[in-house]
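Colleague: Kindly generate the complete structure, drawing on both the sequences and the hints.
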Amino acid sequence: MSQKAIPYGRQNITPEDIEAVITTLQSDYLTQGPKILEFEEAFAGYIGCKYAVAVANGTAALHLSTLALNVQEGDKIITTPITFAASANCVRYCGGEVVFSDIDRQTYLLDINKVRSLLQASPKGTYKGIIPVDFAGAAVNLKEFRELADEYDLWIIEDACHAPGGFFVNDGLEQKCGNGNFADLAIFSFHPVKHIACGEGGMITTNNDVLYKKLLQLRTHGIVKNDERYTNTTDFANGQDNTATYPAWYMEMQTLGYNYRLTDFQAALGTSQLQRATEGLKKRLEIASIYENAFKGKRYIKGQSGVIVGHAYHLYVLEVEDRLGLYNYLRNESIFAQIHYIPCHLMPYYRQLGWKEGDMPIAENYYRHCISLPMYPTLTQQEQNSVIEKINTYYE
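Every letter in the sequence shown is one number past the one before it in my numbering, and letter 157, counting from 1, is 157.
Simulated from the structure, these hints should not be mistaken for lab results.
Some hints here could point you the wrong way.
[As the list claims (entries may be wrong)] Quick list of the computed label-pair ranges, beta carbon to beta carbon:
id: 1; residue 1: SER27; residue 2: ARG229; range: 41 to 49 Å
id: 2; residue 1: GLN26; residue 2: GLU321; range: 50 to 58 Å
id: 3; residue 1: GLN106; residue 2: GLU19; range: 25 to 33 Å
id: 4; residue 1: TYR258; residue 2: ASN232; range: 17 to 25 Å
[To be verified] Calculated lysine to aspartate or glutamate pairs in the DMTMM-like style (CA-CA distance at most 20 Å, straight line):
id: 5; residue 1: LYS4; residue 2: GLU252
id: 6; residue 1: LYS296; residue 2: GLU389
id: 7; residue 1: LYS213; residue 2: GLU252
id: 8; residue 1: LYS296; residue 2: GLU279
id: 9; residue 1: LYS283; residue 2: ASP150
id: 10; residue 1: LYS114; residue 2: GLU97
id: 11; residue 1: LYS76; residue 2: ASP150
We put the CB at the ideal spot given by N, CA and C, even for glycine.
Modeller: Written as structure tokens, this is what we have:
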């Protein structure tokens, strides 16, 4: 392995990012300070939603979303098997039951027709919600899912971790992923290989005022600091009788919450990175177009992401013959492609809950052939040409 390693994803940290973090480290606040709200407001503006709640990571965002929507033990929630395990695990954290539904063969997204069949096969009220995933950056048509969800009284959590800036078109309008017009809640991740990197970090977006307030409370131990919402008396709060107001120090833990906060220096990094988000999406689309032209019509290609309007291109996926051979060959050439994903329903944990091979045939067939190629804005033309050349060399 002589050439410089080419990973499937990579963060891009600029001098401006570093300066933003240093400035925050030198400020009075490392956590629970002004940079959190600054990031939340900037992100909400970028996505086009009313509210954004910054949290520790994408998994925390999912967990808080299921808590805010009151998922209870035994509640059945539908999601896709082609996703990172957290999309399903968040339901299990609340004691709910995950029901997987197969993907669309062309888009790799949760197939709405299969979800509809699931719902039609059971009495109304059997299911409580749907968690569609904008896999690889392709935007789920949430208008269609919203109409289906309304018919069966279901909520929707959009897992948009792969798709900040992605969109689908409805009635001639671009509907950005996570904008709150169709999903009750949407979640994002700021892991280093994502579009916006905070090291770790996540965001929940919504247009629902009630859910927004619940999320803020659940994010910080279930604690409230608001005179109008306190339930204990002012006498108790002050520690003496005949007092009319609550003291400045007072707070109440009114529900069981978590410490799922983001730090100020992570938020500062995220705000800085957000300024390059549009530029990064443009570069990802350029890279995808080059891959599309390079592999279109090749005999060894069984499927590919293609160039799709509104796709955010967190990943560029090929389906190929002899995936294992190609994967190992590329690694030997210092090209570290990745596999997204092992079908979630066939992870040992979910097998123990009764899921088995053959339950999701389209997802399982996709897994046998999928490989994610290097995709990140700082990928050079020379590096991408090398990836294409090595793949062609392996097969031809």
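Colleague: Sort out which numbered hints this structure fails and list those numbers smallest first.
Modeller: 1, 3, 5, 8, 9
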